[in-house]
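Construct the complete structure from the given sequences, taking the supplied hints into account.
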Amino acid sequence: MRLGIFLLKRLGYSIFVLIGLSILVFIIARVMPGDPARAALGPRAPEWAVQRVRESMYLDKPLYTQYVYWLRDALHGDFGESLVTRREVAQDIKEFLPATMELALFSGVIMAVFGILLGSISARYSNTWVDNVVRVGSYVGVCTPSFVFAVLFMLAFGYVLHILPSIGRLSAGVTKPPVITGMIIFDGLITGNFHAVGDTLWHLIMPGVALALGGMSQEARITRSSMSDNLQKDYIAAERVQGIPERVINLRYLLRPSLIPTVSILGLDFAALLANAFIVELIFNWPGMSRYGINAMLRKDLNAIIAVIMVMGIVFIIMNIIVDIVVTFLDPRIRLGAERSK
Amino acid sequence: MSESLLEIKNLHVGFDIYGGHLKVLDGVNFAVGKGEKVGLVGETGCGKTTTMKTVMRILPIPPAKVRNGEVFYKGKNLLRVNLRKVRGVKGKGISMIFQDPTAALNPVFTIGRQLMDVVRYSTGADRSGDKIRNRAIGALKDVAMPDPERILSNYPIQLSGGMRQRICIAMALVTGWEFLIADEPTTSLDVTIQDQVLRLLGNLIEEKGNSTILITHSLGIVREWTDRVYVMYAGNMVEASPTKELFSKPLHPYTQGLMKAVPKLTGEGMAEGVTGRIPNYLTPPAGCRFHPRCPHVMPICEKERPPFFDVGDAHQVACFLYKE
Amino acid sequence: MTQNSLPTFWSRKREGFGRGWYKFSRNPLSMVGLSMILLIAFLAVFAPFVSPYPKHAGVFVNFAEASQPPSLRYLFGTDVFGRDILSRIFFGFRFSLMMGAVVLCLVVPPGVILGLIAGYFKGSWVDTVIMRITDIFVAVPPLILALAICSVLTPNIFNAMMAVSLMWWPWYCRLVYGLSSSLRNEFFVEAAELTGAGRVHILFKEILPNCVSPIFTKMSLDMGWVMLIGATLSFVGLGVQPPKPGLGTMVADGRIYMPDQWWITVFPALAIMIVVLGFNLLGDGLRDLFAVEEV
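Protein chains in written order, with the working numbering: chain Y, 1 to 342; chain F, 343 to 666; chain V, 667 to 961.
Hints are supplied without guarantee of correctness; some may be wrong.
One side of the interface only, derived from the structure: several residues of chain F facing chain Y at Cβ under 10 Å [as the list claims (entries may be wrong)]: (1) 448; (2) 459; (3) 642; (4) 644.
Using 25 Å as the maximum straight-line C-alpha spacing, the simulated SDA-like pairs for lysine to any residue come out as follows [claimed, not checked]: (5) 233(Y) - 385(F); (6) 395(F) - 550(F); (7) 233(Y) - 496(F); (8) 9(Y) - 795(V); (9) 689(V) - 4(Y); (10) 884(V) - 136(Y); (11) 233(Y) - 950(V).
Because the hints were derived from the structure by calculation, they are not lab data. Idealized CB from N, CA, C, for every residue including glycine.
The following block contains the structure:
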């Protein structure tokens, strides 16, 4: 029951934030100097065509009216028309979002799993060469932008070594499974098209790892430091004294408290991952929403820009809620904080 | 003196830190016989906990290093034994209660989980879940916990300090102590609870008749609860004596200073302290580590470390004043 | 015997600084970070004098020497216009450092002040308004909104700095809000209130000095992150515009010539990494320094 109330409160709050965000983005988009309608149609389009576009975007009305119209349309799922693709933005997003989600989930999983794994190994073999290698590596990982990794990977694995594909999601000639979730891995598994699943995974490796490295390094560092700290704690010594085997201590009694700071950071790292996806998708020509978004930004496609940011906001908020729930599960002190006796 | 259950011989332990090497334990000698209740007194930082941690093999071995010495428990050298085997020894033989019960309990797991795991692993066999649970509840009852079933599903944060310490005692109980090391078990508790917990502990010890090391910096507790006392200073044992005799006839200048530092109930005179500070372990004084603060210092004290000299009935002092 | 005069505010600060420096200098990694930053700053400031080919930073063409691999003459090689990559990197540091410095100068004062106020008046409408506004800004990863803002403005470094600043201030606000709202319950604040100290005094003379360490730590770490975002913006074409030698811009410029003329991309990329690394080491050192002080 408590969980239900908590979720409701968060949802209400999230809606408020989303509305605020939409206002913010809207203002940014519309405050641009120049005439978006003219910019979309080009300098040679006739004036009446430009005027028509202006009217369809309510550009001649005051700002708050524009916003109200936009909000009304958006709540119906209509984000307007993209000035670039000439299709409905909503449709564009529906087409491209799954690819980004697939990439983000793939990277996210790599980031979390390997980050925690490396951090744990580093803490376990503290101050040995293993630890030092991981620490230096994760430092570098944190400081290097994703796009640098992307470019370097492309160079090394794509061009020089020729082992990984550099472009797109599926190689030519591989049939894409019918769209159920839009994510090829799941669709392929469901429909039995394993060839497509394998091919997609192959394509996912470079962009996925490039995106994941930054967050992975961050997770590794935090896991390591929190595990090292906890190893010194009295309760670990007490558990050893009480005869609990080392294996149980490591996998259970040390791991859970150490994961708390790590999971808390996961939300932020995932956000960074989503943001960097904009660049990485561009580099690898990954047909995802982020590539769509950045193209929209570069071409000043207002409707698309707003829609993409709103979708990103929603994804991020959902992610944060999940992270908060997991952290509360891991650390009972949070939910019991109010009930402390003494 | 009955044959020693636990004997520490000439233990040297140091810590590697960034600026050098801390020579903490400088030749510690210590023995506890069967059924004895031994007190270990000394100020904070003198090495009491380090000694015990070495016995229990829970010293963090990179910074720490056992440079020399032996620890015998029931004839086996605990320091040489494989860590896994020690756990067997530890789990079934020696138990330890820590100073801060809050820190000694894992905050993110329920009491029940922790206690039942201790039951499961220390008794060695995979008993059925029910038996383990009952054993856990039994242990909680033994330490006079109200409503044990509810406690099992509580988290440490929901309980008071006294209750937490009692749970730690229960955990020690469950591992079947033959030998209990209690590291300042009441220091972090409120004064009103201290007595309660001590009384509980004392009764349990009487019941089981096992050997105990009671570490404390409170002379009052030592006086009431122990048979024999060791006084420790800066990594050395400086005096060892039956409790009554320590209070009636303290011999080492440090012990004498400690006794004087306790204000008298009759209110006469101001309590005196011992001048000076505990030494820096990076560059400890040569010879007797107490010599810079000793009112009776002699030239030999600065050069050689005094060994234990026998002075009468089971009474030993590490001081050149008593060499004859 | 004469009495020593009571320590003044500044003499205490000097002593604190001296102690802090002593501890800081004992940590090898922090010193490495500090040296890296100092070196880069030196290269940036004196770029026209230290770079081997200062003219290459601007508009310059020399097709005879174009696309040369690294050699003794051009340590990092030349790009397709014959410009020396090494010199351009030195000038590139200027843009990076400027971006970091300007953004932080713009962001820290308002963020800190708003955070102080919101924390002090926790629970009132002031708090709610300020924190809800920051919540909106942090709902989306900063890079995304920065990209969006940059895309609607003319792409150049100044607009990039404005965009990043707009996205960045809420983080300082939140940091200081957390500190301020917990500090305001401390006794020394209560004492100041009782003696009739004005709110301004309390905020700036009582609460703020206790927030300084975390703020400084965050600032030094943020320098790195801001520069990272700046490089990313330049990479996409929304920051430093060619032919100016922004580090991200250079990475983007060289991308189409990969893998053959790899040096055009790889060296600026390494430069980005080194700058960020330096500030991270410095920031971590500061964090370790302040953390221990509090114990």
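> Taken at face value, is the distance from the CA of residue 496(F) to the CA of residue 233(Y) at most 25 Å?
Replying inline: holds (21 Å)
>> Run the distance test for residue 689(V) versus residue 4(Y): straight-line Cα separation, threshold 25 Å.
In response: With a Cα-Cα distance of about 50 Å, the restraint between residue 689(V) and residue 4(Y) is violated, given a limit of 25 Å.
>> Would the hint on residue 644(F) be counted as holding, given a Cβ-Cβ threshold of 10 Å to chain Y?
In response: At 37 Å from the nearest chain Y Cβ, residue 644(F) fails the 10 Å test, so the hint is violated.
>> Would the hint linking residue 233(Y) and residue 950(V) be met if the CA-CA limit is 25 Å?
In response: holds (23 Å)
> Was the hint right that residue 448(F) lines chain Y, CB cutoff 10 Å?
Replying inline: holds (5 Å)
> Quick one, is the residue 642(F) hint okay against chain Y at 10 Å, beta carbons?
Replying inline: violated (40 Å)
> Quick one, are residue 233(Y) and residue 385(F) close enough, alpha carbons at most 25 Å?
Replying inline: holds (22 Å)
>> For a C-alpha distance cap of 25 Å, please report whether residue 884(V) and residue 136(Y) respect it.
In response: Measuring from Cα to Cα gives roughly 21 Å; hence the hint holds.
>> Given the hinted pair residue 9(Y) and residue 795(V), is their Cα-Cα distance within 25 Å?
In response: Given pair residue 9(Y), residue 795(V) holds - Cα atoms ~18 Å apart, limit 25 Å.
> If you draw a straight line from the CA of residue 395(F) to the CA of residue 550(F), is it 25 Å or shorter?
Replying inline: At roughly 23 Å apart (the allowed maximum being 25 Å), residue 550(F) and residue 395(F) satisfy the hint.
> How about residue 459(F): closest beta carbon in chain Y under 10 Å, or not?
Replying inline: Cβ of residue 459(F) sits 6 Å from chain Y, so the hint holds.
In this structure, the earlier hints numbered 3, 4, 9 are contradicted, and the remaining ones agree with it.
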